[in-house]
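Keeping the supplied structure of chain A fixed, place chain B upon it in accordance with the hints.
There are 2 protein chains.
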Amino acid sequence: MRIVLDGMGGDHAPKEIVKGAVQAAELTNHEIVIVGPVDTIKAELKKNKYKGEQITIQEANDVITMDDSPVKAIRRKTDSTLVVGLNMLKDGQGDMFVSAGNTGALIVGSRLILGRIRGIDRPTLASIYPDMTGGDPCLLVDAGASSESKANNLLEYGLMGSIYVEKVWNRPNPEVGLVNLGVEEGKGTSVTKDAYQKLKASHLNFIGNVEGRDVPKHACDVIVCDGFVGNVILKLTEGVSLSIFKLIKGKLMESLKSKVAGALIKPQLTALKNEFDYEEYGGAPVLGVNGPVIKMHGSSTATAVKNAIIKGLPYAEENVVDIIRSEMLKIQEFIEDDEE
Amino acid sequence: MRIVLDGMGGDHAPKEIVKGAVQAAELTNHEIVIVGPVDTIKAELKKNKYKGEQITIQEANDVITMDDSPVKAIRRKTDSTLVVGLNMLKDGQGDMFVSAGNTGALIVGSRLILGRIRGIDRPTLASIYPDMTGGDPCLLVDAGASSESKANNLLEYGLMGSIYVEKVWNRPNPEVGLVNLGVEEGKGTSVTKDAYQKLKASHLNFIGNVEGRDVPKHACDVIVCDGFVGNVILKLTEGVSLSIFKLIKGKLMESLKSKVAGALIKPQLTALKNEFDYEEYGGAPVLGVNGPVIKMHGSSTATAVKNAIIKGLPYAEENVVDIIRSEMLKIQEFIEDDEE
Chain A
0 MRIVLDGMGG DHAPKEIVKG AVQAAELTNH EIVIVGPVDT IKAELKKNKY
50 KGEQITIQEA NDVITMDDSP VKAIRRKTDS TLVVGLNMLK DGQGDMFVSA
100 GNTGALIVGS RLILGRIRGI DRPTLASIYP DMTGGDPCLL VDAGASSESK
150 ANNLLEYGLM GSIYVEKVWN RPNPEVGLVN LGVEEGKGTS VTKDAYQKLK
200 ASHLNFIGNV EGRDVPKHAC DVIVCDGFVG NVILKLTEGV SLSIFKLIKG
250 KLMESLKSKV AGALIKPQLT ALKNEFDYEE YGGAPVLGVN GPVIKMHGSS
300 TATAVKNAII KGLPYAEENV VDIIRSEMLK IQEFIEDDEE
Chain B
0 MRIVLDGMGG DHAPKEIVKG AVQAAELTNH EIVIVGPVDT IKAELKKNKY
50 KGEQITIQEA NDVITMDDSP VKAIRRKTDS TLVVGLNMLK DGQGDMFVSA
100 GNTGALIVGS RLILGRIRGI DRPTLASIYP DMTGGDPCLL VDAGASSESK
150 ANNLLEYGLM GSIYVEKVWN RPNPEVGLVN LGVEEGKGTS VTKDAYQKLK
200 ASHLNFIGNV EGRDVPKHAC DVIVCDGFVG NVILKLTEGV SLSIFKLIKG
250 KLMESLKSKV AGALIKPQLT ALKNEFDYEE YGGAPVLGVN GPVIKMHGSS
300 TATAVKNAII KGLPYAEENV VDIIRSEMLK IQEFIEDDEE
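Same order as they appear, the protein sequences are chains A and B. Position 1 of the first sequence, counted from 1, bears residue number 0 in numbering that gives the first Met the number 0, the numbering being contiguous throughout. Position 327 of the second sequence, counted from 1, bears residue number 326 in numbering that gives the first Met the number 0, the numbering being contiguous throughout.
Treat the hints with care, as some may be off.
Okay, derived cross-link-like pairs now, DSS-like style, lysine-lysine, Cα gap no bigger than 27 Å in a straight line [said to hold, decoys possible]:
#, chain 1, residue 1, chain 2, residue 2
1, B, Lys-234, A, Lys-245
2, B, Lys-199, A, Lys-234
3, A, Lys-216, A, Lys-245
4, B, Lys-310, B, Lys-89
5, A, Lys-216, B, Lys-216
6, B, Lys-186, A, Lys-71
7, B, Lys-234, A, Lys-216
8, A, Lys-234, B, Lys-216
9, A, Lys-192, B, Lys-186
10, B, Lys-186, A, Lys-234
11, A, Lys-186, B, Lys-234
12, B, Lys-149, A, Lys-192
Simulated from the structure, these hints should not be mistaken for lab results.
One chain only, chain A, in its complex shape:
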């Protein structure tokens, strides 16, 4: 297989991207193609003392920045690493695309260049959500690719998330839950009420509604919500976590006595922070397009790049895109019901 890597996406490109590729190459036999300006990527490979043949370079001399408007950038910057990389996937010159670049452009580009999987109305971006009780993370879909969703979209998110968690994370028959105001069946907006019925009627392992307070406690394997709510959940979790860490640090430093205590528990707090470290989990999948695309955090370091590649491999190896395509047939009846 050929993994295509956006050499210029993210805050620490190309340095950390290339370094991560070199680290990944030590852990897999698959070919890694770094897309970017040839001389720049070559220089980075040299810095990493890389001399093998597993990593190659595909030339692309433009970059889509964080300030670019996604749709315009995809249409106009045809020589950008993102557009060139996605075209390689489309043309069969690559089997998976991994990027830390402009999120909006990556989603729009995936839709426009690779196209939607037949039957999927709304491709989406998932996000990895930590289990704050110390267990394995969950997959949250939609993480903000669309701001509004119909009930059918929520059903699609549940289906795609379920397949991804089963095949890529190797977690059989994953539990799917719907974010809602309360756990009771009749709760929520007209959209969540409708989505509840569709998820319940589907073949998915649907456990019902999930409240905000249970989201951090691994309420289920696949957390389904619209992109607006998904965005609020992800950013609020970050905000609350960081604020509490800061407050605790402040409290610990208030007295000499607790300064001593602070020094004693510092390693424990560091260990705790690592549990929330998204870098360890690998990247987040774009789901519903005709090819495996993995989005890395914009501030990804080499470790995050390495993990995104290695932990994302089953997305391509297990033919997740094909499985989504065939499983979509199973839920067509619920979707047609809705369109009548």
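Chain B in isolation, oriented as in the chain A frame:
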């Protein structure tokens, strides 16, 4: 003024309710009328050695429980403490109603018995949101009274929240922010985009969009969002905070060394927990109905009851309901624009 108190609402009624009333009576000269079964309330007053005349009892012998359906309960349980109390407010026998009972029934009852303020489409429930940087709390509106909102409703929430924070919390010209996917003006759903324009055009001190990550950092004084998002924000904040406290405690106990540290920092952690203690802040207002109604947490203890009464007093004393009524005229033009 006469404060009407639901003697039988909440998990710890009537014991903690009556105890809280006795504590409040020591701090104010206003009359407090406890609604409930006369003998039961009398017995509780006796336990608290209360012999004054400031606290009186209004007989009501039925109770709306947490399991009751709000609309049915309000219509059928006419002798319930909640219905009797709201009717006292309506009939001018009371100036403020405070209850720890069934939230849905309190909102529905407020709407049905007191009626909406002229011009208000959707009365709402606000919630007090802590500032995790250690400052004063914010007011979040809507905390879950409605699951769906139109742009006009979000404008109303901003207006009512702003007046409440200014008059009851004595914070002049409070900053109003709209929960959204991103800070840029064009972000969000069709509803939030529309609400942004209405809030911007209004006379409110609108600071623009607020992202989830800034909500815990006192992004603004009045956090405006629909009830679905408000519910997720409140419950997720609770879930993340509790999970992190638990994780930290677990980490501290992992080694003998940190067991010592744990003992040393225990008072600091307790102090931290108190900062998130809703009991200290007083109750949350039902806004948009013809009378000041304060909702207390279902598990309110005497301290929470005392604070809800004392800290809620300006809701009645400052004629907040009248101010909302007259201020609604100022935003009518934006609402009419929308109805065309």
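Do the hints match the structure? See the list:
1. Lys-234(B) to Lys-245(A): holds (21 Å)
2. Lys-199(B) to Lys-234(A): Between Lys-199(B) and Lys-234(A) the Cα gap is close to 24 Å, so the pair holds against 27 Å.
3. Lys-216(A) to Lys-245(A): holds (22 Å)
4. Lys-310(B) to Lys-89(B): OK: Lys-310(B) and Lys-89(B) at ~22 Å, within 27 Å.
5. Lys-216(A) to Lys-216(B): holds (23 Å)
6. Lys-186(B) to Lys-71(A): The given pair, whose Cα atoms are some 17 Å apart, holds under the 27 Å limit.
7. Lys-234(B) to Lys-216(A): Holds, at about 12 Å.
8. Lys-234(A) to Lys-216(B): Holds: Lys-234(A) and Lys-216(B) sit about 12 Å apart, inside 27 Å.
9. Lys-192(A) to Lys-186(B): At roughly 26 Å apart (the allowed maximum being 27 Å), Lys-186(B) and Lys-192(A) satisfy the hint.
10. Lys-186(B) to Lys-234(A): Distance ~15 Å between Lys-186(B) and Lys-234(A) Cα, so the pair holds.
11. Lys-186(A) to Lys-234(B): holds (15 Å)
12. Lys-149(B) to Lys-192(A): holds (18 Å)
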